[in-house]
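2 protein chains.
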Amino acid sequence: MEYSVHYQPGDGYLAWLQYRNPAAGGAGRYQEYQRIVAAGLDNTVLRTAADELVQGLKGITGLEISVSETIAASPSIIIGTFGADSVVDGFFSTEVSNAVQAEGYAIQTDNKTGSIVIGALTPAGVLYGVFHLLRIMGTGGSVRQLNILENPANQLRMINQWDNMDGSVERGYAGQSVFYENNMITGQLERIQDYARLLASTGINAITINNVNVHQTESRLLTDFLPDVARLAAIFRSYAIRLFLSINYASTMEIGGLETADPLDPDVREWWRMTAAAVYEAIPDFGGFLVKADSENRPGPFTYGRDHADGANMLAEALQPYGGIVIWRCFVYNCKQDWRDRSTDRARAAYDHFQPLDGRFMDNVILQIKNGPIDFQVREPVSPLLGAMPKTNQVIEFQIAQEYTGQQRHVCYLVPQWKEILDFDTQLQGKGTTVRRIVDGSVHGNPYSGFAAVSNIGNDSNWTGHLLAQANLYGYGRLAWNPGLSADAIAGEWITLTFGFASAHEPFQLLLRILMESWEIYESYTAPLGVGFMVNPDHHYGPNVDGYEYSMWGTYHFADCHGMGVDRTTATGTGYTSQYVQANMEQYESLDSCPDDLLLFFHHVPYTHVLHSGKTVIQHIYDTHFEGAERAYGLLSDWKLMKGQVDDRAYRHVEERLTEQAGHSKEWRDRINTYFLRKSGIPDQHGRTIY
Amino acid sequence: MEYSVHYQPGDGYLAWLQYRNPAAGGAGRYQEYQRIVAAGLDNTVLRTAADELVQGLKGITGLEISVSETIAASPSIIIGTFGADSVVDGFFSTEVSNAVQAEGYAIQTDNKTGSIVIGALTPAGVLYGVFHLLRIMGTGGSVRQLNILENPANQLRMINQWDNMDGSVERGYAGQSVFYENNMITGQLERIQDYARLLASTGINAITINNVNVHQTESRLLTDFLPDVARLAAIFRSYAIRLFLSINYASTMEIGGLETADPLDPDVREWWRMTAAAVYEAIPDFGGFLVKADSENRPGPFTYGRDHADGANMLAEALQPYGGIVIWRCFVYNCKQDWRDRSTDRARAAYDHFQPLDGRFMDNVILQIKNGPIDFQVREPVSPLLGAMPKTNQVIEFQIAQEYTGQQRHVCYLVPQWKEILDFDTQLQGKGTTVRRIVDGSVHGNPYSGFAAVSNIGNDSNWTGHLLAQANLYGYGRLAWNPGLSADAIAGEWITLTFGFASAHEPFQLLLRILMESWEIYESYTAPLGVGFMVNPDHHYGPNVDGYEYSMWGTYHFADCHGMGVDRTTATGTGYTSQYVQANMEQYESLDSCPDDLLLFFHHVPYTHVLHSGKTVIQHIYDTHFEGAERAYGLLSDWKLMKGQVDDRAYRHVEERLTEQAGHSKEWRDRINTYFLRKSGIPDQHGRTIY
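Chains D and F supply the protein sequences, listed in that same order.
When the letters of the first sequence are read in order and numbered with my numbering, they come out as residues 4 to 694.
When the letters of the second sequence are read in order and numbered with my numbering, they come out as residues 4 to 694.
Treat the hints as calculated values from the structure; they're not laboratory data.
Please read all numbers here as calculations on a predicted model, not as lab measurements.
Careful, some of the hints might be misleading.
Remember, identical chains collapse to one label, so a pair may be satisfied in a single copy or spanning two.
In the SDA-like style, the derived pairs of lysine to any residue whose C-alpha atoms are separated by at most 25 angstroms in a straight line are [stated by the list, open to error]:
1) K394 to F305
2) K339 to D673
3) K669 to D626
4) K394 to G178
5) K669 to D344
6) K339 to N101
7) K339 to T677
8) K339 to E670
9) K339 to Y694
10) K669 to R343
11) K115 to C338
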C-alpha cells in the first residue's frame with residue numbers, strides 16, 4: 004500500500020498550510036519579500052525554519068525566493084537565534100531578547116529597511132516564529148509594523164498517537180495508521196514528515212508514536228525496532244518535536260526474559276536502566292515513556308503490591324541520567340465493576356488512586372490526567388485531580404479524536420469545550436485557580452506542566468476523515484501554545500488558512516457558525532444533562548440508551564420509571580463531590596446551584612424535576628432532541644450554501660458527512676425520546692411524534 | 004490441525020455408541036450371539052450394517068464375532084433384505100414383509116433356534132434394524148421374543164450443517180467445523196465417518212454439508228470442489244445418508260460468469276442444468292440443493308421481479324432428471340425494518356410471502372419452514388405456514404444448535420419443546436390436524452415431507468460442547484424417525500446408552516430430571532411469556548433486554564412504564580393471528596383464552612394484567628426469574644451427586660458448564676428483574692433483592 008502524498012485540490016491534504024497566491028489579503032501584498040537571510044543552517048531546525056519560510060513565501064507570493072547569509076538593503080526576512088554575530092543581532096532591544104524564553108520568539112518590522120526580523124533563543128523558537136509570520140500572511144494580515152513577542156504558555160505540548168503496529172488506530176476515525184503497516188514501521192516517511200510539519204506549525208513539541216495499549220509487537224519498539232524509531236525521531240527532531248514511546252509496563256516479562264515486573268526488583272530496575280541507555284544511544288534527545296499501567300487490564304505495579312509511585316519512579320530513575328521523563332496516565336479505575344454495586348463510582352477513581360500519592364513521585368515524572376473524571380464525554384465536570392497534587396507534575400489530557408463526539412462523521416468542534424475546561428476555576432488556591440493556570444505550571448511551579456491529547460489523524464487523504472475535524476487538530480495545537488486564544492479566533496484562523504475566506508466574507512461567517520455551534524448541537528441530540536454514554540458498546544458510535552447500563556464499565560444512568568441520574572453527592576450519594584474544594588463541592592452538591600448541564604452527572608432526579616431553565620427534565624430531553632436533530636439538518640442546509648465557494652471535491656465530501664450526521668441525529672432523537680417516553684410515561688407537551 | 008479421533012474415557016467422543024461390556028442389563032446376557040449371518044455384503048450399506056453389528060456385539064459381549072453367509076443351528080443374528088435366496092427368506096410372514104416399507108425393518112426372534120433375524124426391503128432398512136437391535140442390547144433389553152416392525156414416520160430426516168469452509172460454524176458452539184479447514188474440505192475423513200455413524204444410528208438419512216449462507220468459496224463446492232464433495236458423499240452413502248449442498252442462488256454470477264441470476268433467463272437455466280449434470284456425474288445419488296434466497300441479505304429471485312416459485316422451480320427443473328430435490332427455506336422477512344414502524348410484523352412474513360404461492364411449486368421442491376414464525380426462541384407459537392399450503396411439499400425446520408437456548412453452555416434438552424410443537428393441533432383439516440401429521444405427509448399426501456434441523460456439532464472432542472447437548476442430537480434423530488416417542492423415553496435411552504445407568508438407578512433418575520426440567524428452567528430465567536429475544540445482539544448470548552429493541556431486525560418487546568408485549572391480534576394489532584384457522588385464531592386473539600406462556604407474543608398488556616396462573620405479569624417475571632436462577636443452581640447441586648458415578652473427566656466437564664450456567668442465570672435474573680422494576684416501578688411482593 005502506498006500513501007497518496009500528492010496533493011490534489013480539495014482533498015484536504017495540505018490542511019491549513021495551503022499558502023495560496025493570492026492570499027486572502029489580496030495579490031501582491033507580500034511580494035517585496037523575495038529574500039531570506041538566515042545563518043546557522045547546519046542546525047536541522049533552523050534549516051527547517053528557512054525551508055518552510057521559502058516554501059510558504061513562494062506559495063503566497065508566487066515568486067522565487069533566495070536565501071543568503073548576509074543582510075542587504077532590500078526588504079528581507081531575517082531569521083536567527085540571539086547571540087554574538089547572529090544575523091538578528093542588533094535588531095532587538097535587550098528588553099525584548101531577555102523576555103523571549105526557550106521556544107519563544109520575537110518578530111519585528113525594521114523601520115529603516117522594511118525587513119521582518121524573527122529572533123529567538125533557540126532554533127525551535129525561530130521555527131515557531133516563522134510559522135507565526137506565515138500565519139499572518141496566510142490570513143492576509145499586515146506586516147508593516149510587526150512587534151510581536153510570544154512565549155508558549157505550556158511547556159509540554161504533546162500529541163499521543165493511539166496507533167498500533169498492525170496498522171490499526173485505536174479510536175481512529177480517519178483510516179489506518181500513517182506510522183505502521185504489517186507490524187513494521189512504514190517505509191513511507193514523507194507522510195510522517197508532512198504530519199510533523201502540520202504539528203510544528205501549531206506549536207506541538209512532543210509526540211508519542213504508539214498506542215498507550217502496548218501489545219507484544221509494540222513492546223519491541225524499545226528494542227528490536229529502535230533503528231526505525233530513530234529514523235522517525237530524526238524527522239520529528241527537524242521540526243523541534245521530541246519523540247516519546249508508550250511502553251508496556253511489563254516489558255521485563257514480555258520481552259526482557261525476566262519473570263517479574265516488580266518495580267522494586269533489582270533485575271527489573273537494571274533491565275530498564277540498560278534499555279534506557281540503549282534508547283538514548285540511538286536517540287540522544289529521546290523524550291521518555293508514556294505509561295498506561297493497572298488500567299483497563301494493562302499490567303502494572305499493583306500485581307506486586309506496589310503503587311503507582313513505585314512503578315513510575317522506577318522508570319523515571321532509568322531515564323533521569325538522560326533528561327528523559329515518565330508520563331504516567333491517571334486513567335485508572337475498576338473496569339470489572341458489578342453494575343449491581345451502586346457504591347463504587349468510577350468518577351472517583353483517579354482522585355482516590357493518585358491524590359494520596361502527592362509528593363511521592365520523582366521530579367521527572369508527570370501525571371497525565373484526562374480532562375474529566377470519566378472518559379471524554381460530550382459533557383463532564385472537570386477532573387478534581389487537576390491541581391489537587393501540588394507537589395506533583397501534571398498535564399491535562401484531551402482527546403482530539405472524536406470517540407464520543409461523533410467519530411469524525413459528525414462535526415463537533417471541540418475547542419469551545421476545551422476552553423470551558425481550561426477556564427474552570429478549581430479555587431484550589433482561592434478564586435482564579437483556573438485549570439489553565441494549573442496546567443501551565445503557574446500555580447504550583449512544578450518542573451513540568453502542559454497539555455497532551457489523543458490525535459485524530461490517519462491515512463485518509465485529508466488526515467482527519469471529516470475535513471472539518473482538522474479544526475480540532477489545529478485548535479488543539481494553538482490552544483496548547485496559548486490557552487488565552489478564543490475558540491472563535493482559532494476557528495477563524497483555521498477557516499481562512501484552509502479555505503482562503505477573509506473574515507468579512509459570508510462563507511467565513513457561515514463556516515464559523517457551523518463550527519461554533521457544532522458541540523452544542525451534538526450535545527443536544529445525544530446523552531442529556533451530563534449523564535454521558537448511551538452509546539453502542541465497544542465501538543461507541545450511535546445511540547443505545549442501555550448500552551452500558553448493565554455492564555462492568557461503571558458508566559450508568561440509572562433511569563427508572565420515576566427519574567434518572569447518578570447521585571454523586573456527599574450527603575446521599577457516592578461522595579464524589581467531596582473531591583472538589585468546598586465552594587465547588589457545595590455548588591455541585593445542591594440541586595439549587597448545580598448547573599443544568601451537569602445535573603444528571605451529580606444527581607438522581609425525577610423526570611418532573613424543574614431545571615433552572617424552567618423546563619422539566621423530561622421536557623428538556625424532548626425539546627433538546629427535537630431541536631438538536633433539526634439543527635443538525637440546519638448544518639447541512641448551511642453547508643449547501645457553500646457550493647461553488649469551496650473546491651467541489653471538498654464540498655461533496657463535507658456534504659456527505661453532514662448528510663449522514665443529519666440522518667443519524669434523527670436516529671439519536673427517536674431512540675432517546677422513545678426510550679424516555681416509554682420509561683417515564685410522560686408525553687411531550689408539544690405533542691410531537693415519539694415512537 | 005489434527006482431530007483427536009482417538010477415544011479417551013469420558014471425553015464423550017463415542018457418545019451414545021459406547022457398547023459397554025457389561026451392558027446395563029448385566030454381563031453375559033447376550034453372549035450366545037457370537038455369529039452373524041449376512042449376505043450381499045458387496046452392497047456398501049449392508050457391509051456397514053454387518054460391520055456395525057460386529058463392532059457393537061464385540062463391545063457388548065466382549066467376545067470375538069464371526070460373520071458368515073450361511074445359516075447354522077446355533078443362535079445367530081441374521082440380517083438381510085427380503086427377496087428370493089435371501090438369508091432372511093422364510094423367517095417373516097408375508098404380512099410382516101409386506102408391511103415393511105422402504106427404510107423400515109422387522110426384527111424377530113426365531114423360536115426354534117433363538118436366532119435374531121433382521122429383515123428389510125432395503126439395505127438402509129437393515130442398517131436401521133441393526134442399530135435398533137444394538138440399542139436394545141445397549142439398554143439391557145430382552146431379545147428372547149422380539150417381534151418388531153418399524154417404519155420411519157418421516158421420509159426426509161435431515162441434518163443441516165451451518166459449516167463454512169474457513170472452518171467456522173455459524174451458530175456453532177462446539178468448536179470448529181469437522182468438514183472444513185483453511186477453505187478446503189478436510190482430509191481428516193475419519194471424524195466425518197464417525198459423525199455419519201452417529202447420525203445413521205438415530206435414523207438420519209440426509210445431510211446438507213455447508214451453511215445456508217453460502218459465501219464465495221462455498222459456492223465452488225458445486226464445481227471446483229466436486230471431487231472432494233464426492234468423497235464425503237461416499238462416506239455418507241455407506242451410512243445410507245444422502246448428501247445435499249446449500250447453494251448460492253446467485254451462483255450464475257458468483258462463479259458462472261453470467262451477468263444475471265434471473266430464474267427465467269435461458270442462460271441461467273442452462274447453467275444450472277449443466278451444473279446439475281456435472282454434480283450427478285460425480286455423485287449419482289446426490290440429494291439436491293438447500294437454498295436460502297431473498298433472506299437476510301442473501302440474493303434471490305426478487306432482484307429480477309420474480310418470486311420464490313420461479314426461483315425454486317428453475318433449480319428443480321435442473322435436478323428433476325436425476326431425482327434431485329430443491330429445499331427452499333421460508334425464513335424470509337424484512338431484516339431492514341424501521342423499529343419505529345409498528346405495523347410491519349416479522350412474525351407474519353413467512354406466511355405472507357409463501358402461502359399465496361401454494362400450487363406454484365414443482366413436485367420436487369420442498370419448502371423448509373422454521374418451527375416458529377420468528378427464530379428458534381425458547382418459546383414461540385407454531386408457524387401458521389405449516390400445513391397451510393396443501394399442494395406444496397413442506398418440511399419443518401428445528402434448530403438443534405442452542406442459539407437462543409444457552410448455546411450449549413446452559414443445559415437445555417429441546418425434545419420436550421419439539422414434542423409440544425409436533426403435538427400442536429393446527430385444526431387445518433378439523434381437529435387432530437397436528438403438526439406431526441402435517442409434517443409426516445399423512446394429511447396432504449404430498450410426495451415429500453419430513454424434518455430438517457440445524458446441527459449442534461463441531462470438532463470438540465465430545466461433538467456438542469456440552470456433553471448433555473448430545474441428547475438433543477440423539478433426540479432429534481429419534482423423533483424424526485418416530486415423533487410418537489416421548490421426550491422422557493428418548494432421554495432415558497440416551498442416558499443408558501451414554502452412561503450405562505439402568506432406569507431404576509438413582510443416577511438415571513437424576514439425569515433424567517436434569518434433562519426434563521432444563522427447558523422450563525432456561526425459559527424461566529430468560530425472556531418471559533413468549534416475548535422472545537432480550538439477548539445481546541449478534542452473538543445472542545446473555546441478557547440484554549433492549550438489545551434488539553431499537554434495531555432493524557423486527558424483534559421487539561415494546562416495554563414501557565405501563566406494560567409490554569406485541570399486539571399481534573387481528574382486532575387491534577398486526578393481524579398475525581388471522582394466519583391461523585378460526586379456532587386457533589380465536590384462542591390467541593382473546594386475553595381470556597391466550598395461553599400464559601405465549602401471552603406477550605400475542606398481546607401488549609399492563610404489568611398488572613393477571614395471568615391465568617393468578618399472578619400479575621410483573622410478579623410472574625420476578626417469581627420465575629428468582630425461581631429459575633435458584634433451579635439453575637439446583638441443576639448444579641443435582642449434578643454434584645453424580646460424582647463418582649460417571650467418569651471423572653465427564654463429571655468435571657459438566658460441572659464446569661453447570662457452574663457457568665448457575666452464575667449466568669443470576670445475571671439473567673438480575674438484569675431482567677432490575678430492568679422491569681425500574682421500568683414498571685412495581686416492587687416485588689416478596690421484597691427480594693432487585694438492584
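Verification of the hints:
For the identical chains of this complex, K394 and F305 are intra-copy neighbours only, at 23 angstroms inside a copy versus 71 angstroms across copies, given an alpha-carbon limit of 25 angstroms. For the identical chains of this complex, K339 and D673 are inter-copy neighbours only, at 17 angstroms across copies versus 31 angstroms inside a copy, given an alpha-carbon limit of 25 angstroms. For the homomeric pair K669 and D626, the shortest alpha-carbon distance inside one copy (13 angstroms) is at most 25 angstroms, but the shortest distance between copies (39 angstroms) is not. In the homo-oligomer, the alpha carbons of K394 and G178 never lie at most 25 angstroms apart, since the shortest distance is 41 angstroms inside one protomer and 55 angstroms across protomers.
In this homomeric assembly, K669 and D344 come within 25 angstroms of each other (Cα to Cα) only across copies, at 15 angstroms, whereas the closest approach inside a single copy is 34 angstroms. For the homomeric pair K339 and N101, neither the shortest alpha-carbon distance inside one copy (54 angstroms) nor that between copies (68 angstroms) is at most 25 angstroms. For the identical chains of this complex, K339 and T677 are inter-copy neighbours only, at 19 angstroms across copies versus 30 angstroms inside a copy, given an alpha-carbon limit of 25 angstroms. Taking the closest pair of Cα atoms, K339 and E670 come within 25 angstroms of each other only across two copies (14 angstroms); inside a single copy the shortest separation is 30 angstroms, beyond that limit.
Taking the shortest alpha-carbon separations for K339 and Y694, only the inter-copy value of 17 angstroms comes in at or below 25 angstroms, while the best intra-copy value is 35 angstroms. With identical chains, the CA atoms of K669 and R343 are at most 25 angstroms apart between copies only, with a shortest distance of 12 angstroms across copies and 32 angstroms within one. Proximity of K115 and C338 under a CA criterion of 25 angstroms is satisfied in neither setting, with 66 angstroms inside one chain copy and 77 angstroms between copies.
Against the hints set out earlier in the document, violations occur for numbers 4, 6, 11.
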